[in-house]
Each structure stands twice: as C-alpha cells, then as structure tokens.
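Given the structure of chain A, go ahead and fit chain B onto it with the hints provided.
2 protein chains.
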Amino acid sequence: MSNGSYTLVYNMLSLGIASMLFTSIFLFVARERVAPRYRMAVMVSGTVTAIAAYHYFRMFDDFKHAFGTDGMGVVAYNVGYRYVDWFLTVPLLLVETVAVLALAATVQRSLLNKLVPAAAAMIALGYPGDAQLNLLYQGDAPLWGLLSTIPFLYILYVLFVELGKGLAGQSEAVQRKIKELRLLLLATWGVYPISFIFNMNATGFDEGGFVLRETGYTIADILAKCLFGLVIFTIARIKSAEDDAEFAKTEFKK
Amino acid sequence: MSNGSYTLVYNMLSLGIASMLFTSIFLFVARERVAPRYRMAVMVSGTVTAIAAYHYFRMFDDFKHAFGTDGMGVVAYNVGYRYVDWFLTVPLLLVETVAVLALAATVQRSLLNKLVPAAAAMIALGYPGDAQLNLLYQGDAPLWGLLSTIPFLYILYVLFVELGKGLAGQSEAVQRKIKELRLLLLATWGVYPISFIFNMNATGFDEGGFVLRETGYTIADILAKCLFGLVIFTIARIKSAEDDAEFAKTEFKK
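So the sequence lines, in the order shown, correspond to chains A and B.
Each residue of the first sequence is one higher than the one before, counting from 13 in the working numbering.
Each residue of the second sequence is one higher than the one before, counting from 13 in the working numbering.
Isolated chain A, as found in the complex:
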C-alpha cells in the first residue's frame, strides 16, 4: 500500500476513535442536562458511540498489523469488525431515535418491534457480500447487497410513514429536529451501500477501492453515530425544557 493511502486510512481510523470515544464520555456525563424521562435515549446514544470506539480501536490495530511495518501484509484486514459493530449499534440507533420521542408505551413497542429486527437483518445480510465469503456462489456479493436493501427500505418506510404519524403530537421545534435526524440518517446510511458497491466486484485487493471504502465508512459512521447522538441530545434538551418550566429556567438564559 502506498504511503499516502496508508497515512490517510490510518488518520481516518484514529479520527474515528477520538470522535466515538469522546462523544461517548460527553453524552454519559451530559445525561444530567436533560429531564429523567429523556436520559435513557441519551445513554443509549453514548452506548452506541462507546461500542463503536471499541471497534475503531480494534480496526486501527488490525490495519497497522495488516499494512504497517510491523505486519507487512501477513494477515488480511478484518472487515468483520465493522459488521459486528453495526450489528450492535444500528438497532440501538433506532432505539435512541424512538426513545427520545417519549411516545406512549404501546406505540413505542410497536415501532421497535419493527425497526430492531429489520436493522439486525439488514446488517447480517450485508456481511457475506462485503466480506466476499461467496457462500452461495462465486461472486454473490451483489445478491447479498440486494437482500440487505429489503430491510433497509422497510426501515425507511417505518421511519417516514409510521413514525411520521407519531410526530403529530410533538412541538414544531421537535418535529423540525426529527426531520433533520431522518435526513441525516438517510444521507449517512446511503454512504454504506455506495462504499459496498465500490468493492463488490473487486477481485483480489484493490487499493483505491479499499481506501475509498474505509474513508467512506468512517465519515459515515462519525456522522451517523456522533452527530446523530448529539442531535438526539439536543432534542432531549428541547423536550425537557418544553415539559418543565423550572428546568428551562435553570438550564437556559431567558
């Protein structure tokens, strides 16, 4: 791998570690700055970035070992870390999105019963393609990509149509933020299939495709987990102030 490609991916993975780890610490401490009812959503957001921080540490070391001077290509880079990470974090991202709305218990349960299994299926179906396991036949990556798209479209349907109904009871400021959140999710989750497609037809190791994929996944992860979690925190702050005038007075300048 060229020196420039190596340094770029190396610095991107380190940026991933720093972003995830300190968003986590911030969110865990900042949970006190929202009303008790919204703390679960903030804590789940902090858990998502903490799980991702762990996996970025692993990927950073794995990358150095696979391509750096200490390993020199003896071991292959393990794309499995990303999928294990997403298998845990993507369902949790949907949990935090629903939790911050503080909907009625039955509505919340119904949304999560749809979103969580769909998210787990989406990730599980993507992995055999991205890792090029060729489980069904040689070059079956596009098929896995296609299968993984079905639960993805179902998640979009639930978020944009079913969750849309739940938004009616929210204030205008919260509705605006939730719409931002959904667009952020759509824009960042869109990066993953694009990165996937870039590598889908690679035979052997393609350096340019690898660098694009790792850079794309990392930027998308930072936006989809750190920025997403901080928007969740902002929604929790707005809703806390709406629910409780006393909270609004001590936390914000009039």
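These are computed hints drawn from the structure, not numbers from a lab.
Be a bit skeptical, because a hint or two may be false.
It does not matter which identical chain is meant; a pair holds if it fits inside one copy or across any two.
Calculated cross-link-like contacts (lysine-lysine; reagent style BS3-like; alpha-carbon spacing at most 25 Å) [what the hints assert, rightly or not]:
no. : residue 1 : residue 2
1   : K265      : K126
2   : K177      : K126
3   : K177      : K265
4   : K189      : K265
Just chain B, lined up with the frame of chain A:
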C-alpha cells in the same frame, strides 16, 4: 536526531499528556461547582482537553517509534495527529467560548454557524501544507498556509466585532475575562502559523525546524486548551455567582 533534541521533544510531549489529561479530569469533576446553565461550557472544555490527551498519547508513542531506539527512523512521524486533533478541538474551543456567555439562543446559533465551519476550514486547509502533501504543485505549502489564513481572519472578525456586541449585556468582571480569553486565543493561535512557516520550506527532514515546531505546537496547545479551559471555568464561576446569590454564598467567602 541528536540526544538533546530527542529528549526535549520527548519531555514536551509527556508534558502535553499530563496537562491535557488532568485538566480534563478536573474540569469534568469541577462542573458541579458552577450553576447548571454553565455546565455545558465546562464539559465541552473538558472534552477538548480529553481529545487532546488521546492525541498526545498517540504522538508520544509515534515519536518514540519514529526516532527512538525501538523504531530508528523506519516509520515517518505522523503530523496528521495534530491536525485530526485540531479539526475536532478548535471548533469545540469556539463552542465553549460562546456557550459560557449564556447568550440568547438565536444569537448563540448565529455565532456558532459562523465560527464552527470557519474553524474546520482553517484546519483542513492547513494540513496539506504542513504535511507537505504537494497536492497542487511541488512546494505548495505557502499557498495552503495562505488559504488557511482566510478563515482565521474571519474568526477573529467574528470574535472581536460580532461577539463584542454580545458582550454589552455582561458584567464588567465577565467582560474583562472575555477580553483576556480573546487575547489568549490570539497569542496562542499565533504560534501555529509561526511554527508552520518554520517548516514550510524544509526539504527533507530538518531537525532544528522539527524541534521548534513540536515544542511550539505543544506549548501553544497547553495554553490554548488547558489554560483557556480553566479561564472558561472561572468565567462560569463568576457568572454563576452573579446569577444566584445563594450560590455565591455557599461557594465564596464574603
């Protein structure tokens, strides 16, 4: 690298770790010593030094690996750590500066919408020059330095002119501290371009320039993050006492 140069940079990086790490821990615990409204600013200050602590650990190890007896020049020293650090911390330093003033929400949003993108652009434009990537042409470092100066001047304009208007509503003690803060920012941020210029025209590795740059960056970082964060904490204490006579009575001796 001579023994003296090696020991100097080594000790400076270790000083960086100690300063950043323990300022962070202090600020996170000390957030309770200010009124709730100001805790976010103190937590952001602690996050900035925590992110920097992570990067100083990385730089310390990287430096030993690049120049110490265990690596002996096999790998190049990665200046990317500093830029990844600044890319995250410089926008956050501006966030803590605005947050501690507890301005009206619309004024705060308008200031941050100007300062945060400008800070990110300033760092992103500086990196290709400092890392001598020669993206545009051989020896294009001065051009990147110049491009990076444009958002820097814009930040100064916003801090000294636009933020200046927001200061009108603050007490005299707070105004004095904010002016100190701006001067500290101007004095420390001024070190970075000077360090940059020292290395700009180096062809190959220049030991003297390297030592000056790393020493300069480290001292500037400690003042711009640790001292800066502690001044933010002091402002938060002053404003907490101004807002709440009960707080003033329990926290300070008359």
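Which numbered hints fail: Of the numbered hints, all hold.
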